[in-house]
Amino acid sequence: MSIVKTEDGHFHHAHHFNSLNHQYDSAKQGVWLFMVTEILMFGGLFVAYLIYKSIYAPIFHVGSSYLDVKMGSINTIVLISSSFTMALGIYYNQKNKPKQAIIALVLTILCALTFMVIKYFEYSHKIHLGLVPGKYFSNPEFQQKVADFVNAMPIENITPALSDVEHLKKIAPLYFGFYFVMTGLHGFHVIIGACLIAWVTIKTANNQFGAEYYTPVEGVGLFWHIVDLIWIYLFPLLYLVG
Amino acid sequence: MELVVQYSLYIISMVCIFVPFFGFGMAPPTVITAAVGVFAGNAYSLIVQQGIIKNFIKDNKDGGKSSPLIPVLEEAQKAIDAIENPGLAMKNDHHGEGHNEHGEHHIIPISVYVGVLLILLLGTVITVAVAQVDFGAMNTVIAMLVATIKAGFVLAFFMHLKYDNLLNRVIFGSGFFFLMLLIAFSAADIFTRASVVKSF
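Residue numbers (the numbering used here), protein chains in the order written: chain X, 58 to 299; chain V, 6 to 205.
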């Protein structure tokens, strides 16, 4: 997208657009379409989670008790605050205040890094306990807890899918499959988002944005808010309502 | 009743199933009503948001032989302007076409952002606090309800969707619509085929 900043500090839109506004709207529409694909990608995972949770609810109940609610809550607050600072980054660009915009954007990157550091501690704890998906799973205590939980359930609540306790023990790592894939894909988005924010921060520092033209900041902001939005749903689903 | 509460999320989404079911032959009037609604919405967006009449007048007025339709359309456009935003009609008369083409984006004041941040933090506290108390199946419902309210605030204010043009809202809404279809048909499938754990 070719935006040219002239000597007198104004921006010129690309020749195939009617105006800067037209170019801004077109670019933003593309970002929104991309956001829809993001929602649908995570939506597929959420639907898979809901299906397996309704069939194998005890595994998810025991599994969520292995997650650290405190760390999850801190991460939620960190991510919400980063969404706020990202919105401020856009706001100060709209107001032609690059200095404040840079502060807000750098704070956003710091929040993203904090999120990933906390995630690292959570992941390494899980991996240390052997709570990993698939054939690398090595935590018989978790499998036994699932079996005990199902055995303690009243007999009228036992569905055919839960009747074979040995089978349940075998598929118990399923929960951590969901946990690692969903939070892992989300964490991947956080890393990409942090890199993109670093990119717009550098562009802001180079004085390439202003009230007339801040489309990349807005687009990256939308991406960052979607990352926040997905975590808003992921956190209660994985950590709280197992 | 237990089932209703435990899986209320699914049940809400199952409402979506009725759309295609009615559409596939049970109630053709539903399809026609929906189609008319879409056409009306499309016409509204074309006329009010994209100003198709305004553009038509602009393109055809300068030519030598002016169409007899022009004065009528001008009256119609004036009426629309008067209804939609009374201030703009006067402004356009004064400054002419293309004045507010330069970066006139709605800027949300910081106080609104701070308010949204506080609401989101409060929502997080409520979600965590509620999860400590055992309401049985209601826990899922409350958590999802609070998450949806939080998501709504993020979308409306942080993502500027409240002040965005109609098309972006429709694009995003369509994403959620297809997600609802996916959830609805999956829920219909497992409720009729697989055995679902009702409570433990």
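Source of the hints: derived by calculation from the structure; they are not laboratory data.
Everything numeric in this text was worked out from a predicted model, so none of it was measured.
Some hints could be false.
Think about it this way: if two alpha-carbon atoms lie no more than 25 angstroms apart in a straight line, the pair counts; the simulated PhoX-like pairs of lysine-lysine are [to be verified]: (1) X:K183 <-> X:K227; (2) X:K127 <-> X:K183; (3) X:K152 <-> X:K85; (4) X:K154 <-> X:K192; (5) X:K227 <-> V:K167; (6) X:K154 <-> X:K260; (7) V:K203 <-> X:K226; (8) V:K167 <-> X:K152; (9) X:K62 <-> X:K154; (10) X:K227 <-> X:K202; (11) V:K167 <-> X:K202; (12) V:K203 <-> X:K85; (13) X:K152 <-> X:K62.
Far from chain X, some chain V residues (derived; all Cβ distances over 12 angstroms) [said to hold, decoys possible]: (14) A48; (15) Y49; (16) N65; (17) A81; (18) K83; (19) I88; (20) I113; (21) A142; (22) R174; (23) F177; (24) A189; (25) V201.
Even for Gly, the Cβ is constructed at its ideal location relative to N, Cα and C.
Check: Which hint numbers does the structure go against, in order from smallest to largest?
Finding: 4, 5, 11, 12, 20, 21, 22, 23, 24, 25
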